[in-house]
Amino acid sequence: MKLVKELVPLMGGPDFDEAMETMPYGAYLGLRLQQIDGKIRVVMPFKPNLIGSPSRLHGGTVGAMLEIAGAVQAIVVQKSLGATPERFAKPISITIDYLRGGEMKDTYAEAVVERMGRRVANVTSRAWQDSPDRLIATAHMHFLLPDM
Amino acid sequence: MTDLSDSLIQKMVSAVPQLRALGVELVDFGTNEATLALPYGDHLIGFPETGVIAGGAIYSLMDSVAGMAVFAKMRIYKPIATLDLRIDYMKPATPGETVYGWAECYKMTRSVAFVRGVAYHEDKADPIANVSGTFMLPPEKGAQS
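Here the protein sequences line up with chains P and S, keeping their order.
Per the working numbering, the very first residue in the first sequence carries number 1; after that it's consecutive.
Per the working numbering, the very first residue in the second sequence carries number 149; after that it's consecutive.
These aren't lab readings, by the way, just hints derived from the structure by calculation.
Among these hints, one or two may not hold up.
Computed footprint of chain P on chain S, listed as stretches where at least three residues anywhere in the stretch have a Cβ under 8 Å from a Cβ of chain P [claimed, not checked]:
{"#": "1", "segment": "160 to 167"}
{"#": "2", "segment": "187 to 194"}
{"#": "3", "segment": "217 to 231"}
Straight-line Cα separation of at most 30 Å, DSS-like style, residue types lysine-lysine; simulated pairs [as the list claims (entries may be wrong)]:
{"#": "4", "chain 1": "P", "residue 1": "Lys47", "chain 2": "S", "residue 2": "Lys159"}
{"#": "5", "chain 1": "S", "residue 1": "Lys226", "chain 2": "P", "residue 2": "Lys105"}
{"#": "6", "chain 1": "P", "residue 1": "Lys5", "chain 2": "S", "residue 2": "Lys239"}
Even for Gly, the Cβ is constructed at its ideal location relative to N, Cα and C.
Bound conformation, chain P alone:
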């Protein structure tokens, strides 16, 4: 188990590739965090207990991954603004659009903080499998930021 404040200094390194140990539920989904082209990418390697309908990823696991990608990216942006976040922001709401069924493959997600306010962050995220040009789901969400 790693604390968010221990994770933050590691982010930004070109070789950053960590199993998600900061959040037990993220670890349970088997998520990894990687640094790709200066952005944090969340990877959900396929495993059978992620399945919902036959031969399809459970929509909830994709939704959870999109939310976690957003929460991690909010930490990245807070760090870039000079803050030292010690925990994940609380989600206020999340809306997910499902574009294609998730296949029994690894899934990737990246998020963008569209606006970092003082109290609320507006975040979008997207998930894909074969190619970022073929999205399987998108999300937009709001997080309540911890007081700093």
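We have chain P already, so just place chain S on it with the hints.
This is chain S only, laid out in the frame that chain P set:
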């Protein structure tokens, strides 16, 4: 297409690998509504400092029960596809307590099903989260598309 008996519904819930992994149980299945239970577990934690479970775990529960509500309304098993699902988180779930997810399919057209529901501990009027979503239904046989 298969008619949905209670035992088939029970089988459907226990056959979904992700629901089995989360420990989700079927509580109730009505004519247009369903209730699932998500027992507390350390693997669901999103906020280690408090033990509060992750929003994503609630999201997964509500995505499942929303789909179940559509099956309840259809009375048959046909593959459905989630178009969108929105969750508002009203308050953190209490660590150690089971979270119930309830959803109803309040409108169904030939193509689209509309669902709403809540996550709660004991009282639906004091919700942990609110959900609303839409699902695409498969084309009817012989219908013009």
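Here's how the hints hold up against the structure:
no.: 1; hint: 160 to 167; result: holds (count 4)
no.: 2; hint: 187 to 194; result: holds (count 5)
no.: 3; hint: 217 to 231; result: holds (count 4)
no.: 4; hint: P:Lys47 x S:Lys159; result: holds (21 Å)
no.: 5; hint: S:Lys226 x P:Lys105; result: holds (24 Å)
no.: 6; hint: P:Lys5 x S:Lys239; result: holds (24 Å)
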